[in-house]
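*Asks:* Using the working numbering, the letters of the sequence shown map in sequence onto residues 29 to 595.
Bear in mind the hints are in silico, worked out from the structure with no lab data behind them.
Where a beta carbon is used, it is the ideal one built from N, C-alpha and C, also for glycine.
Possibly wrong hints are sitting among the right ones.
What the hints assert, rightly or not - Derived DEER-like restraints, expressed as beta-carbon distance ranges:
#: 1; residue 1: G307; residue 2: E361; range: 16 to 26 Å
#: 2; residue 1: E441; residue 2: R155; range: 46 to 56 Å
#: 3; residue 1: A405; residue 2: G496; range: 44 to 54 Å
#: 4; residue 1: D273; residue 2: A112; range: 42 to 52 Å
#: 5; residue 1: D274; residue 2: G307; range: 17 to 27 Å
#: 6; residue 1: Q117; residue 2: G328; range: 53 to 63 Å
#: 7; residue 1: D273; residue 2: K371; range: 15 to 25 Å
#: 8; residue 1: D274; residue 2: D437; range: 20 to 30 Å
#: 9; residue 1: R305; residue 2: A405; range: 22 to 32 Å
Said to hold, decoys possible - Derived pair list, reagent style SDA-like, types lysine to any residue, alpha-carbon separation capped at 20 Å:
#: 10; residue 1: K288; residue 2: P239
#: 11; residue 1: K370; residue 2: K74
#: 12; residue 1: K240; residue 2: D345
#: 13; residue 1: K74; residue 2: D151
#: 14; residue 1: K572; residue 2: V495
#: 15; residue 1: K500; residue 2: A368
#: 16; residue 1: K492; residue 2: D578
#: 17; residue 1: K81; residue 2: L237
#: 18; residue 1: K370; residue 2: G344
#: 19; residue 1: K317; residue 2: H253
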Amino acid sequence: MLKNSSNRRPSGGNKGSRPASVGLISLGCAKNLVDAEIMLGALLEKGLVITNKPSEADALIVNTCSFIGPAQEESVDAILESVALRDAQRRGQAVIVAGCLPQRFRDQLPALLPEVDAFMGVDQVARAPEIISDALARRARKMKEKAPGRQKPHRHDIVGRLGELDKEEAGAGKARGEQNDSPPAKEPLLEVTQRPVFIPDFATPRFRLTPKHFAYLKIAEGCNHPCSFCIIPRMRGSHRSRAQDDLVAEATALLGGGVKEIVLISQDSTYYGLDLRPGHSRAVSSPEKFSRAARALPAGATTICTLLRQLDALEGDFWIRLLYTHPAHWTDELIATLAACKKVARYVDMPLQHVHDNMLERMRRETSRQYIVDLIAKIRAAIPGIALRTTFIVGFPGETEACFESLLDFIRETKFERLGVFAYSREEGTRAGAMSGRIPEAIRRERRQRAMAEQRKVARQVSKSHVGRALKVLVEGRLDEKQWAANAASWEHGFLRAGKAARAPGGAGPVWVARGEADAPDIDGRVYVRSKRPLAIGEFAAVKVIGHGDYDLLAEEMIFSHESDTH
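With these hints in hand, go ahead and build the complete structure from the sequences.
*Replies:* Below you can see the structure in the form of C-alpha coordinates.
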(Lines of atoms letter the chains of each structure in order from A and count residues from 1; the text may use other names and numbers.)
(Lines give C-alpha, C1' and ligand atoms only; values in the text may rest on other atoms or scores of the structure.)
Protein backbone atom coordinates (compact mmCIF):
# COMPACT_ATOMS: atom_id res chain seq x y z
CA MET A 1 0.00 0.00 0.00
CA LEU A 2 1.05 3.63 -0.19
CA LYS A 3 4.06 4.83 1.74
CA ASN A 4 2.91 8.43 1.36
CA SER A 5 -0.58 9.84 1.30
CA SER A 6 -2.30 13.10 0.53
CA ASN A 7 -5.08 14.91 2.33
CA ARG A 8 -5.76 17.22 -0.60
CA ARG A 9 -9.48 17.77 -1.07
CA PRO A 10 -9.97 20.24 -3.92
CA SER A 11 -13.43 21.28 -4.99
CA GLY A 12 -13.51 19.08 -8.10
CA GLY A 13 -14.35 15.40 -8.19
CA ASN A 14 -16.72 12.80 -9.50
CA LYS A 15 -18.47 11.56 -6.34
CA GLY A 16 -21.09 14.23 -5.81
CA SER A 17 -19.89 17.00 -3.50
CA ARG A 18 -16.49 15.47 -2.82
CA PRO A 19 -13.65 14.15 -4.96
CA ALA A 20 -13.29 10.40 -5.39
CA SER A 21 -10.74 8.69 -3.17
CA VAL A 22 -8.35 6.12 -4.63
CA GLY A 23 -6.22 3.42 -3.02
CA LEU A 24 -3.40 1.57 -4.72
CA ILE A 25 -1.54 -1.71 -4.27
CA SER A 26 1.67 -1.89 -6.31
CA LEU A 27 3.48 -5.18 -6.87
CA GLY A 28 6.66 -6.12 -8.70
CA CYS A 29 9.82 -4.22 -9.55
CA ALA A 30 10.95 -0.61 -9.20
CA LYS A 31 9.94 0.05 -12.81
CA ASN A 32 6.38 -0.93 -11.88
CA LEU A 33 6.60 1.33 -8.85
CA VAL A 34 7.38 4.31 -11.08
CA ASP A 35 4.26 3.47 -13.13
CA ALA A 36 2.27 3.52 -9.89
CA GLU A 37 3.74 6.91 -9.01
CA ILE A 38 2.68 8.27 -12.40
CA MET A 39 -0.87 6.98 -11.93
CA LEU A 40 -1.13 8.65 -8.55
CA GLY A 41 0.40 11.87 -9.87
CA ALA A 42 -2.21 12.01 -12.63
CA LEU A 43 -5.00 11.37 -10.13
CA LEU A 44 -3.86 14.13 -7.79
CA GLU A 45 -3.52 16.55 -10.69
CA LYS A 46 -7.18 15.95 -11.54
CA GLY A 47 -8.30 16.55 -7.96
CA LEU A 48 -8.80 13.00 -6.70
CA VAL A 49 -7.71 12.01 -3.19
CA ILE A 50 -5.20 9.25 -2.32
CA THR A 51 -5.96 7.03 0.67
CA ASN A 52 -4.02 4.32 2.49
CA LYS A 53 -7.21 2.56 3.61
CA PRO A 54 -8.73 0.25 0.96
CA SER A 55 -12.01 0.05 2.88
CA GLU A 56 -12.44 3.82 2.50
CA ALA A 57 -11.49 4.09 -1.19
CA ASP A 58 -14.07 4.73 -3.88
CA ALA A 59 -11.70 3.03 -6.33
CA LEU A 60 -8.81 0.64 -5.79
CA ILE A 61 -6.00 0.06 -8.30
CA VAL A 62 -4.03 -3.20 -8.20
CA ASN A 63 -0.81 -2.64 -10.17
CA THR A 64 0.31 -6.14 -11.13
CA CYS A 65 3.46 -8.05 -12.09
CA SER A 66 3.55 -10.97 -14.52
CA PHE A 67 7.29 -11.55 -14.96
CA ILE A 68 7.38 -15.10 -13.60
CA GLY A 69 4.87 -17.60 -12.22
CA PRO A 70 5.17 -16.67 -8.51
CA ALA A 71 4.74 -12.96 -9.31
CA GLN A 72 1.68 -13.78 -11.39
CA GLU A 73 0.19 -15.79 -8.54
CA GLU A 74 0.84 -12.93 -6.12
CA SER A 75 -0.96 -10.56 -8.48
CA VAL A 76 -4.00 -12.85 -8.80
CA ASP A 77 -4.10 -13.22 -5.01
CA ALA A 78 -4.06 -9.43 -4.58
CA ILE A 79 -6.89 -9.00 -7.09
CA LEU A 80 -9.10 -11.68 -5.53
CA GLU A 81 -8.44 -10.41 -2.00
CA SER A 82 -9.29 -6.85 -3.08
CA VAL A 83 -12.54 -8.00 -4.71
CA ALA A 84 -13.48 -10.01 -1.61
CA LEU A 85 -12.80 -7.01 0.63
CA ARG A 86 -14.86 -4.80 -1.67
CA ASP A 87 -17.79 -7.21 -1.67
CA ALA A 88 -17.68 -7.48 2.10
CA GLN A 89 -17.18 -3.84 3.08
CA ARG A 90 -17.79 -1.41 0.21
CA ARG A 91 -19.78 -2.89 -2.65
CA GLY A 92 -19.78 0.33 -4.65
CA GLN A 93 -16.00 0.41 -4.87
CA ALA A 94 -14.49 0.09 -8.36
CA VAL A 95 -11.56 -2.31 -8.65
CA ILE A 96 -9.10 -1.54 -11.46
CA VAL A 97 -6.31 -3.92 -12.48
CA ALA A 98 -3.24 -2.30 -14.07
CA GLY A 99 0.26 -3.22 -15.17
CA CYS A 100 1.87 -6.29 -16.64
CA LEU A 101 -0.85 -8.89 -16.01
CA PRO A 102 -3.48 -7.19 -18.23
CA GLN A 103 -0.72 -6.29 -20.66
CA ARG A 104 0.22 -9.96 -21.01
CA PHE A 105 -3.35 -11.34 -21.03
CA ARG A 106 -4.97 -8.41 -22.72
CA ASP A 107 -8.27 -9.87 -23.84
CA GLN A 108 -8.63 -12.93 -21.67
CA LEU A 109 -8.69 -11.30 -18.21
CA PRO A 110 -12.15 -9.68 -18.54
CA ALA A 111 -13.71 -13.10 -18.98
CA LEU A 112 -11.58 -14.65 -16.22
CA LEU A 113 -12.17 -11.82 -13.75
CA PRO A 114 -15.56 -10.22 -14.47
CA GLU A 115 -15.61 -8.96 -10.86
CA VAL A 116 -12.99 -6.39 -11.88
CA ASP A 117 -14.42 -3.12 -13.20
CA ALA A 118 -11.58 -2.05 -15.50
CA PHE A 119 -8.25 -3.22 -16.87
CA MET A 120 -5.51 -0.83 -17.97
CA GLY A 121 -2.10 -1.42 -19.50
CA VAL A 122 1.36 0.12 -19.49
CA ASP A 123 0.46 2.84 -21.99
CA GLN A 124 -2.50 4.04 -19.95
CA VAL A 125 -0.81 4.96 -16.64
CA ALA A 126 -1.13 8.71 -17.29
CA ARG A 127 -4.80 8.23 -18.20
CA ALA A 128 -5.72 6.75 -14.83
CA PRO A 129 -8.21 9.54 -13.90
CA GLU A 130 -10.50 9.02 -16.89
CA ILE A 131 -10.28 5.23 -16.60
CA ILE A 132 -11.23 5.40 -12.93
CA SER A 133 -14.11 7.74 -13.76
CA ASP A 134 -15.43 5.25 -16.33
CA ALA A 135 -14.90 2.35 -13.92
CA LEU A 136 -16.86 4.10 -11.18
CA ALA A 137 -19.72 4.75 -13.60
CA ARG A 138 -19.73 1.11 -14.70
CA ARG A 139 -19.65 -0.02 -11.09
CA ALA A 140 -22.63 2.19 -10.28
CA ARG A 141 -24.62 0.71 -13.19
CA LYS A 142 -23.75 -2.80 -12.10
CA MET A 143 -24.95 -2.08 -8.58
CA LYS A 144 -28.30 -0.88 -9.96
CA GLU A 145 -28.64 -3.97 -12.15
CA LYS A 146 -28.13 -6.24 -9.14
CA ALA A 147 -26.88 -8.99 -11.39
CA PRO A 148 -26.52 -12.39 -9.70
CA GLY A 149 -22.99 -13.06 -8.55
CA ARG A 150 -20.98 -16.04 -9.63
CA GLN A 151 -19.36 -18.66 -7.45
CA LYS A 152 -16.30 -17.27 -5.68
CA PRO A 153 -13.31 -17.76 -8.02
CA HIS A 154 -10.31 -19.75 -6.87
CA ARG A 155 -6.76 -18.54 -7.37
CA HIS A 156 -5.65 -21.98 -8.53
CA ASP A 157 -8.26 -22.07 -11.29
CA ILE A 158 -7.40 -18.60 -12.61
CA VAL A 159 -3.62 -19.12 -12.48
CA GLY A 160 -4.02 -22.47 -14.21
CA ARG A 161 -6.10 -20.90 -16.96
CA LEU A 162 -3.55 -18.12 -17.46
CA GLY A 163 -0.90 -20.80 -17.92
CA GLU A 164 -3.00 -22.34 -20.72
CA LEU A 165 -3.72 -19.07 -22.50
CA ASP A 166 -0.21 -18.55 -23.87
CA LYS A 167 -0.55 -21.89 -25.64
CA GLU A 168 -3.58 -20.60 -27.49
CA GLU A 169 -1.94 -17.64 -29.22
CA ALA A 170 -3.68 -18.10 -32.53
CA GLY A 171 -7.12 -18.37 -30.99
CA ALA A 172 -6.40 -15.40 -28.74
CA GLY A 173 -5.60 -13.28 -31.78
CA LYS A 174 -9.01 -14.05 -33.24
CA ALA A 175 -10.67 -13.31 -29.92
CA ARG A 176 -8.90 -9.95 -29.79
CA GLY A 177 -10.41 -8.93 -33.09
CA GLU A 178 -13.90 -9.96 -32.04
CA GLN A 179 -13.79 -8.30 -28.66
CA ASN A 180 -12.37 -5.01 -29.90
CA ASP A 181 -15.22 -4.50 -32.37
CA SER A 182 -17.96 -3.77 -29.84
CA PRO A 183 -17.47 -5.00 -26.29
CA PRO A 184 -20.76 -5.42 -24.43
CA ALA A 185 -21.43 -2.77 -21.79
CA LYS A 186 -21.63 -5.33 -19.02
CA GLU A 187 -18.03 -6.42 -19.59
CA PRO A 188 -15.23 -4.72 -17.65
CA LEU A 189 -13.61 -1.70 -19.26
CA LEU A 190 -10.53 -2.74 -21.25
CA GLU A 191 -7.90 -0.06 -21.93
CA VAL A 192 -4.75 -1.95 -22.98
CA THR A 193 -2.80 -1.31 -26.17
CA GLN A 194 -1.35 -4.42 -27.76
CA ARG A 195 2.22 -3.09 -28.14
CA PRO A 196 3.22 -0.47 -25.53
CA VAL A 197 4.89 2.73 -26.74
CA PHE A 198 4.51 5.07 -23.75
CA ILE A 199 7.52 6.58 -22.05
CA PRO A 200 7.16 9.23 -19.30
CA ASP A 201 8.92 12.57 -19.31
CA PHE A 202 9.61 15.26 -16.73
CA ALA A 203 6.25 16.91 -17.42
CA THR A 204 4.40 13.68 -16.57
CA PRO A 205 2.74 14.09 -13.12
CA ARG A 206 4.27 11.86 -10.45
CA PHE A 207 3.54 11.23 -6.77
CA ARG A 208 6.60 9.56 -5.27
CA LEU A 209 6.15 6.50 -3.07
CA THR A 210 9.78 6.21 -2.00
CA PRO A 211 11.17 7.93 1.12
CA LYS A 212 12.22 11.54 0.66
CA HIS A 213 15.93 10.72 0.45
CA PHE A 214 15.93 8.45 -2.63
CA ALA A 215 14.04 8.22 -5.90
CA TYR A 216 13.92 6.03 -8.97
CA LEU A 217 14.59 7.68 -12.31
CA LYS A 218 13.29 5.58 -15.20
CA ILE A 219 15.64 6.31 -18.10
CA ALA A 220 14.06 3.96 -20.64
CA GLU A 221 11.23 1.50 -21.11
CA GLY A 222 10.98 -1.85 -22.92
CA CYS A 223 13.69 -4.23 -24.08
CA ASN A 224 15.20 -5.50 -27.34
CA HIS A 225 17.00 -8.57 -25.98
CA PRO A 226 16.10 -12.05 -27.26
CA CYS A 227 16.52 -13.91 -23.93
CA SER A 228 14.71 -17.20 -24.29
CA PHE A 229 13.25 -17.20 -20.76
CA CYS A 230 11.89 -13.65 -20.69
CA ILE A 231 8.42 -12.31 -21.45
CA ILE A 232 9.24 -8.63 -20.85
CA PRO A 233 9.66 -7.50 -24.50
CA ARG A 234 6.22 -8.90 -25.20
CA MET A 235 4.68 -7.09 -22.24
CA ARG A 236 6.68 -3.85 -22.25
CA GLY A 237 7.51 -3.38 -25.94
CA SER A 238 10.78 -2.39 -27.61
CA HIS A 239 13.48 -0.37 -25.88
CA ARG A 240 12.77 3.36 -25.94
CA SER A 241 14.99 5.92 -24.23
CA ARG A 242 14.04 9.22 -22.69
CA ALA A 243 15.80 12.37 -23.83
CA GLN A 244 18.90 13.10 -21.78
CA ASP A 245 18.03 16.76 -21.11
CA ASP A 246 14.63 15.66 -19.82
CA LEU A 247 16.25 13.21 -17.39
CA VAL A 248 18.71 15.81 -16.15
CA ALA A 249 15.84 18.24 -15.55
CA GLU A 250 14.00 15.65 -13.47
CA ALA A 251 17.16 14.73 -11.54
CA THR A 252 17.79 18.41 -10.78
CA ALA A 253 14.26 18.76 -9.41
CA LEU A 254 14.65 15.63 -7.29
CA LEU A 255 17.90 16.88 -5.80
CA GLY A 256 16.27 20.23 -5.08
CA GLY A 257 13.59 18.35 -3.14
CA GLY A 258 16.09 16.69 -0.82
CA VAL A 259 16.88 13.46 -2.66
CA LYS A 260 20.31 12.06 -1.75
CA GLU A 261 20.28 9.00 -4.03
CA ILE A 262 19.05 8.82 -7.62
CA VAL A 263 18.57 5.24 -8.79
CA LEU A 264 18.67 4.88 -12.58
CA ILE A 265 16.44 2.06 -13.81
CA SER A 266 15.37 0.48 -17.08
CA GLN A 267 15.30 -3.05 -18.42
CA ASP A 268 18.78 -2.57 -19.94
CA SER A 269 20.42 0.64 -18.80
CA THR A 270 23.56 -0.04 -20.85
CA TYR A 271 21.46 0.21 -24.04
CA TYR A 272 20.30 3.70 -23.11
CA GLY A 273 20.50 6.13 -26.03
CA LEU A 274 21.36 3.59 -28.73
CA ASP A 275 17.77 3.63 -30.02
CA LEU A 276 17.99 7.40 -30.50
CA ARG A 277 20.58 7.13 -33.27
CA PRO A 278 19.34 7.79 -36.84
CA GLY A 279 18.14 4.67 -38.65
CA HIS A 280 18.85 2.51 -35.62
CA SER A 281 18.53 -1.25 -35.80
CA ARG A 282 17.45 -3.32 -32.82
CA ALA A 283 19.68 -6.23 -33.86
CA VAL A 284 22.70 -5.20 -31.79
CA SER A 285 22.36 -7.56 -28.85
CA SER A 286 25.76 -9.25 -29.12
CA PRO A 287 28.88 -7.56 -27.68
CA GLU A 288 30.47 -7.31 -31.13
CA LYS A 289 27.45 -5.69 -32.80
CA PHE A 290 26.84 -3.41 -29.86
CA SER A 291 30.46 -2.24 -29.77
CA ARG A 292 30.37 -1.48 -33.50
CA ALA A 293 27.13 0.47 -33.12
CA ALA A 294 28.56 2.43 -30.17
CA ARG A 295 31.77 3.27 -32.04
CA ALA A 296 29.76 4.47 -35.06
CA LEU A 297 27.80 7.02 -33.02
CA PRO A 298 28.41 10.64 -33.98
CA ALA A 299 30.23 12.92 -31.56
CA GLY A 300 27.97 14.06 -28.77
CA ALA A 301 25.45 11.25 -29.23
CA THR A 302 23.42 10.28 -26.17
CA THR A 303 24.63 7.18 -24.31
CA ILE A 304 24.59 5.95 -20.74
CA CYS A 305 28.08 7.48 -20.43
CA THR A 306 26.96 10.97 -21.46
CA LEU A 307 24.01 10.73 -19.08
CA LEU A 308 26.16 9.64 -16.14
CA ARG A 309 28.70 12.38 -16.75
CA GLN A 310 26.04 15.09 -16.92
CA LEU A 311 24.31 13.84 -13.76
CA ASP A 312 27.67 13.61 -11.99
CA ALA A 313 28.29 17.29 -12.79
CA LEU A 314 25.16 18.43 -10.94
CA GLU A 315 25.78 20.30 -7.68
CA GLY A 316 25.27 18.66 -4.33
CA ASP A 317 26.29 15.67 -2.24
CA PHE A 318 24.39 12.66 -3.57
CA TRP A 319 24.74 9.19 -5.04
CA ILE A 320 23.84 8.00 -8.52
CA ARG A 321 23.12 4.26 -8.61
CA LEU A 322 23.04 2.32 -11.88
CA LEU A 323 20.77 -0.73 -11.96
CA TYR A 324 20.11 -3.49 -14.52
CA THR A 325 23.07 -3.43 -16.88
CA HIS A 326 23.47 -6.14 -19.50
CA PRO A 327 26.91 -7.78 -19.72
CA ALA A 328 26.82 -7.78 -23.54
CA HIS A 329 26.54 -3.99 -23.63
CA TRP A 330 29.47 -2.95 -21.49
CA THR A 331 32.18 -0.89 -23.15
CA ASP A 332 35.59 0.40 -22.09
CA GLU A 333 34.09 3.88 -22.14
CA LEU A 334 31.45 2.88 -19.60
CA ILE A 335 34.06 1.40 -17.28
CA ALA A 336 36.16 4.58 -17.56
CA THR A 337 33.07 6.73 -16.95
CA LEU A 338 32.15 4.88 -13.77
CA ALA A 339 35.73 5.18 -12.54
CA ALA A 340 35.81 8.94 -13.20
CA CYS A 341 32.37 9.92 -11.85
CA LYS A 342 32.75 10.54 -8.12
CA LYS A 343 29.01 10.64 -7.38
CA VAL A 344 28.24 7.34 -9.09
CA ALA A 345 28.01 4.69 -6.36
CA ARG A 346 30.71 2.02 -6.57
CA TYR A 347 28.04 -0.56 -7.29
CA VAL A 348 27.01 -2.38 -10.44
CA ASP A 349 23.94 -4.54 -10.96
CA MET A 350 24.72 -6.89 -13.86
CA PRO A 351 22.44 -9.96 -14.14
CA LEU A 352 24.48 -12.78 -15.72
CA GLN A 353 21.82 -15.54 -15.40
CA HIS A 354 24.40 -18.32 -15.87
CA VAL A 355 28.04 -18.88 -16.75
CA HIS A 356 28.17 -22.26 -18.46
CA ASP A 357 28.45 -21.79 -22.22
CA ASN A 358 25.71 -24.31 -23.03
CA MET A 359 23.29 -22.54 -20.70
CA LEU A 360 24.22 -19.09 -21.98
CA GLU A 361 23.53 -20.26 -25.52
CA ARG A 362 20.18 -21.82 -24.60
CA MET A 363 19.25 -18.66 -22.70
CA ARG A 364 20.30 -16.54 -25.71
CA ARG A 365 22.39 -14.29 -23.51
CA GLU A 366 24.81 -13.30 -26.31
CA THR A 367 27.84 -13.81 -24.03
CA SER A 368 30.30 -16.59 -23.18
CA ARG A 369 31.94 -17.63 -19.92
CA GLN A 370 35.30 -16.22 -20.99
CA TYR A 371 33.73 -12.93 -22.02
CA ILE A 372 32.10 -12.65 -18.58
CA VAL A 373 35.32 -13.52 -16.73
CA ASP A 374 37.27 -10.95 -18.73
CA LEU A 375 34.62 -8.24 -18.24
CA ILE A 376 34.51 -8.69 -14.47
CA ALA A 377 38.32 -8.55 -14.31
CA LYS A 378 38.35 -5.29 -16.29
CA ILE A 379 35.66 -3.69 -14.12
CA ARG A 380 37.37 -4.61 -10.86
CA ALA A 381 40.81 -3.54 -12.09
CA ALA A 382 39.56 -0.13 -13.23
CA ILE A 383 37.24 0.59 -10.28
CA PRO A 384 38.84 -0.61 -7.02
CA GLY A 385 36.32 -1.31 -4.28
CA ILE A 386 33.36 -1.69 -6.59
CA ALA A 387 30.56 -3.98 -5.40
CA LEU A 388 29.29 -6.31 -8.10
CA ARG A 389 25.75 -7.61 -7.85
CA THR A 390 24.41 -10.33 -10.14
CA THR A 391 21.58 -12.84 -10.40
CA PHE A 392 21.57 -16.42 -11.67
CA ILE A 393 18.84 -18.77 -12.87
CA VAL A 394 19.18 -22.43 -11.85
CA GLY A 395 17.17 -25.36 -13.13
CA PHE A 396 16.88 -23.95 -16.64
CA PRO A 397 15.90 -26.59 -19.23
CA GLY A 398 18.94 -28.66 -20.13
CA GLU A 399 20.97 -27.69 -17.06
CA THR A 400 22.92 -30.82 -16.16
CA GLU A 401 24.54 -31.39 -12.81
CA ALA A 402 27.87 -30.58 -14.44
CA CYS A 403 26.52 -27.25 -15.71
CA PHE A 404 25.26 -26.43 -12.24
CA GLU A 405 28.54 -27.41 -10.59
CA SER A 406 30.39 -25.09 -12.96
CA LEU A 407 28.11 -22.27 -11.75
CA LEU A 408 28.89 -23.12 -8.11
CA ASP A 409 32.61 -23.04 -8.88
CA PHE A 410 32.18 -19.65 -10.52
CA ILE A 411 30.36 -18.29 -7.46
CA ARG A 412 33.18 -19.49 -5.20
CA GLU A 413 35.90 -18.11 -7.45
CA THR A 414 34.41 -14.75 -8.39
CA LYS A 415 33.16 -13.80 -4.92
CA PHE A 416 30.39 -11.43 -5.90
CA GLU A 417 29.71 -8.84 -3.23
CA ARG A 418 25.97 -9.24 -3.84
CA LEU A 419 24.19 -12.15 -5.50
CA GLY A 420 20.67 -13.52 -5.91
CA VAL A 421 19.48 -16.86 -7.31
CA PHE A 422 16.15 -17.70 -8.94
CA ALA A 423 14.78 -21.16 -9.57
CA TYR A 424 13.72 -21.24 -13.23
CA SER A 425 10.05 -20.43 -13.78
CA ARG A 426 8.62 -21.81 -17.01
CA GLU A 427 6.71 -19.15 -18.92
CA GLU A 428 4.51 -20.06 -21.86
CA GLY A 429 5.02 -17.77 -24.80
CA THR A 430 8.80 -17.82 -24.40
CA ARG A 431 11.30 -19.94 -26.34
CA ALA A 432 12.41 -21.64 -23.15
CA GLY A 433 8.83 -22.57 -22.35
CA ALA A 434 8.85 -25.01 -25.29
CA MET A 435 12.33 -26.43 -24.65
CA SER A 436 12.99 -30.05 -23.81
CA GLY A 437 15.12 -31.13 -20.88
CA ARG A 438 12.90 -29.68 -18.18
CA ILE A 439 14.21 -29.95 -14.63
CA PRO A 440 11.80 -31.17 -11.90
CA GLU A 441 10.68 -28.48 -9.48
CA ALA A 442 12.23 -30.22 -6.47
CA ILE A 443 15.65 -30.21 -8.14
CA ARG A 444 15.27 -26.57 -9.14
CA ARG A 445 14.51 -25.60 -5.54
CA GLU A 446 17.37 -27.74 -4.23
CA ARG A 447 19.85 -26.15 -6.64
CA ARG A 448 18.76 -22.68 -5.61
CA GLN A 449 19.35 -23.59 -1.97
CA ARG A 450 22.80 -24.96 -2.75
CA ALA A 451 23.78 -21.89 -4.75
CA MET A 452 22.60 -19.51 -2.03
CA ALA A 453 24.47 -21.56 0.58
CA GLU A 454 27.70 -21.03 -1.39
CA GLN A 455 26.98 -17.32 -1.72
CA ARG A 456 26.31 -17.06 2.00
CA LYS A 457 29.87 -18.21 2.66
CA VAL A 458 31.14 -15.60 0.21
CA ALA A 459 28.94 -12.89 1.72
CA ARG A 460 30.26 -13.66 5.19
CA GLN A 461 33.83 -13.20 3.96
CA VAL A 462 32.91 -9.96 2.17
CA SER A 463 31.21 -8.60 5.29
CA LYS A 464 34.15 -9.57 7.50
CA SER A 465 36.53 -7.71 5.18
CA HIS A 466 34.74 -4.45 6.01
CA VAL A 467 35.46 -4.59 9.75
CA GLY A 468 37.73 -1.71 10.72
CA ARG A 469 36.97 0.24 7.55
CA ALA A 470 35.35 3.65 7.24
CA LEU A 471 32.17 3.98 5.23
CA LYS A 472 29.89 6.72 4.03
CA VAL A 473 26.29 5.65 4.68
CA LEU A 474 22.84 7.03 4.00
CA VAL A 475 20.73 6.95 7.17
CA GLU A 476 17.22 5.57 6.61
CA GLY A 477 15.66 5.01 10.03
CA ARG A 478 16.01 4.16 13.69
CA LEU A 479 15.51 1.03 15.78
CA ASP A 480 14.81 1.19 19.51
CA GLU A 481 16.24 -1.39 21.90
CA LYS A 482 13.30 -3.80 21.51
CA GLN A 483 13.43 -3.62 17.72
CA TRP A 484 17.18 -4.13 17.75
CA ALA A 485 16.89 -7.14 20.05
CA ALA A 486 14.19 -8.66 17.83
CA ASN A 487 16.29 -8.15 14.71
CA ALA A 488 19.48 -9.47 16.28
CA ALA A 489 17.68 -12.54 17.61
CA SER A 490 16.30 -13.33 14.17
CA TRP A 491 19.73 -13.49 12.51
CA GLU A 492 21.65 -16.73 12.65
CA HIS A 493 24.25 -16.07 15.38
CA GLY A 494 23.39 -12.37 15.17
CA PHE A 495 26.62 -10.41 15.33
CA LEU A 496 28.37 -12.89 17.58
CA ARG A 497 31.16 -13.26 15.04
CA ALA A 498 31.93 -9.60 15.45
CA GLY A 499 34.06 -9.65 18.59
CA LYS A 500 33.66 -6.22 20.14
CA ALA A 501 30.33 -5.77 18.36
CA ALA A 502 28.78 -8.68 20.24
CA ARG A 503 28.43 -6.43 23.29
CA ALA A 504 26.86 -3.57 21.34
CA PRO A 505 23.14 -4.43 21.77
CA GLY A 506 23.23 -4.09 25.55
CA GLY A 507 21.67 -0.82 26.63
CA ALA A 508 23.76 1.50 24.46
CA GLY A 509 20.85 3.51 23.09
CA PRO A 510 19.14 3.43 19.69
CA VAL A 511 20.50 1.80 16.56
CA TRP A 512 20.26 3.65 13.26
CA VAL A 513 19.54 1.78 10.02
CA ALA A 514 21.62 2.88 7.04
CA ARG A 515 22.91 1.75 3.65
CA GLY A 516 26.36 1.99 2.14
CA GLU A 517 27.28 2.39 -1.51
CA ALA A 518 27.22 -1.41 -1.84
CA ASP A 519 23.56 -1.64 -0.81
CA ALA A 520 20.73 -0.82 -3.21
CA PRO A 521 17.33 0.12 -1.72
CA ASP A 522 15.10 -2.82 -0.73
CA ILE A 523 17.55 -5.34 -2.26
CA ASP A 524 20.80 -5.65 -0.36
CA GLY A 525 22.05 -5.55 3.23
CA ARG A 526 22.01 -2.87 5.88
CA VAL A 527 24.51 -1.03 8.06
CA TYR A 528 23.36 -0.76 11.69
CA VAL A 529 24.95 2.28 13.32
CA ARG A 530 25.52 3.06 17.00
CA SER A 531 25.76 6.77 17.67
CA LYS A 532 26.06 8.88 20.83
CA ARG A 533 23.93 11.55 19.17
CA PRO A 534 20.81 11.42 16.98
CA LEU A 535 21.52 10.91 13.29
CA ALA A 536 19.55 12.75 10.63
CA ILE A 537 17.32 10.40 8.62
CA GLY A 538 17.80 10.96 4.92
CA GLU A 539 21.32 12.35 5.34
CA PHE A 540 24.81 10.92 4.95
CA ALA A 541 26.92 9.90 7.94
CA ALA A 542 30.50 8.78 8.40
CA VAL A 543 30.87 5.46 10.23
CA LYS A 544 33.45 2.84 11.13
CA VAL A 545 32.52 -0.85 10.82
CA ILE A 546 32.99 -2.73 14.10
CA GLY A 547 31.17 -5.99 13.38
CA HIS A 548 29.33 -8.05 10.82
CA GLY A 549 26.69 -10.67 10.21
CA ASP A 550 26.37 -12.69 7.03
CA TYR A 551 24.91 -9.84 4.99
CA ASP A 552 24.74 -6.84 7.35
CA LEU A 553 27.31 -4.67 9.07
CA LEU A 554 27.45 -3.06 12.52
CA ALA A 555 29.15 0.33 12.78
CA GLU A 556 29.69 3.33 15.00
CA GLU A 557 29.60 6.95 13.95
CA MET A 558 32.86 8.72 13.25
CA ILE A 559 34.11 11.82 11.49
CA PHE A 560 36.13 11.46 8.28
CA SER A 561 39.08 13.71 7.69
CA HIS A 562 39.07 13.22 3.90
CA GLU A 563 36.18 12.81 1.47
CA SER A 564 38.11 10.04 -0.30
CA ASP A 565 37.90 7.89 2.84
CA THR A 566 34.18 7.44 2.31
CA HIS A 567 34.51 5.11 -0.68
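*Asks:* Please write out, lowest number first, the hints stated earlier that are contradicted by the structure.
*Replies:* 3, 8, 11
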